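**Q** Sequence:
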Amino acid sequence: MFRVTRELCRLFKISHLRTSVYHPQTDGLVERFNKTLKSMLKKVVDKDGKNWDFLLPYLMFAIWEVPQASTGYSPFELLYSRHPRGLLDIAKETWEGETTPYKSVIEHISMMQDRIAAVMPLVREHMEQAQEAQRRVYNRGAKVRSFNPGDRVLVLVPTVESKFLAKWQGPYEIIEKIGDVNYKVHQPGRRKPEQIYHINLLKPWRDREALVAIPTPPNDTGPSTPEVPIAETLSVSQHNEVKEFLRKNKDFFSDMPGLTTILQHDIITEPGVHVNIKPYRIPEARRKAVSAEIKKMLELGVMEESHSSWSSPIVLVPKPDGSIRFCNDFRKLNSVSKFDAYPMPWVDELIDRLGTARYITTLDLTK
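1 is the number of the first residue of the sequence shown in UniProt numbering; add one for each residue after it.
Take these hints with a grain of salt, some might be off.
Claimed, not checked - Listed next, with one range per pair, are the computed distances between beta-carbon atoms:
hint, residue 1, residue 2, range
1, F245, I314, 15 to 23 Å
2, K35, R191, 44 to 52 Å
3, D114, G49, 42 to 50 Å
4, V30, R145, 23 to 31 Å
It should be emphasised that the hints constitute simulated quantities derived from the structure, not laboratory data.
Only a predicted model underlies this, so the values are computations on that prediction, with no experimental measurement involved.
Every residue, glycine too, gets a C-beta built ideally from N, C-alpha and C.
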């Protein structure tokens, strides 16, 4: 695809400019044109949005005949050095009986060259004025920043989970400066070890001034804490602080499911209703895994044997790592359970309580 694009640019004498990633402001003209075209499509497309591509030629012609704010002329005039003749212009000429004088090809090309030569100085003047005004507006809140090769920086890039969520990652090292505002960054562990970023996506990484090693006391007897990956970019003191935190809170980071004896929940069902559903068929390839899971939960005390006449079938849900999630199909039980009118908290109140928090944690059950 790259070769085809390069050959296309060569044939049409198109100057191919490469821009930095995650910085759409560099392609401002293209992004603004896409926004204009999308807004026009939204207005003309009716309930049936499948035929929007048939309207593109008409919308493109409408854009071409409108003067552009920066140049002062329409794209059609700059390309063909004459005013565009739309449908209304053609209808007017037909009604008034006007005829277009015949001109030879040489005369037409000569007139085009003369008009373009006369218009281009005005276009450049308008462009310079518009760009200067845009530059003043943009630089009002801008600050002069620069980095040197070897500096360590953080990079604001989208996360793996969502392209719409970005966070600072790093630290990475500056390799070289490219142009006035772009830098090549060495980022080990990512798909591209070296990438060019705009300076707006970079901020300096600051190490702690004092690095003091904290001795870690030996683990006491009891359930061992599973190995938790710790980022190599942390300093020695930060690494030891994380290990100490894990040691003190090893119960929270254990991969062994537990149970509580503080509270007991009662499920109130409708009187006279009985739920007894026949178990679903378990594939032969999953029988050993199910037996092992049941045996493990019995040993841990998570579940116990029952001789009740109530029964709900189990459901095996595959997990991304290849293991299975042991679940129960309680849909029938839910249909006969009485509604528990527990007052749910307001979301706005929860957000207000979290507004001043420095850290927000999430709880994920082991099983």
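**Q** Hint by hint, say whether it matches the structure.
**A** Quick rundown of the hints versus the structure:
1. F245 to I314: 15 to 23 Å: violated (37 Å)
2. K35 to R191: 44 to 52 Å: Between K35 and R191, where Cβ atoms are some 29 Å apart, the hint is violated.
3. D114 to G49: 42 to 50 Å: About 45 Å separates the Cβ atoms of D114 and G49, which means 42 to 50 Å holds.
4. V30 to R145: 23 to 31 Å: holds (26 Å)
Violated hints for the displayed structure, listed by number in ascending order: 1, 2.
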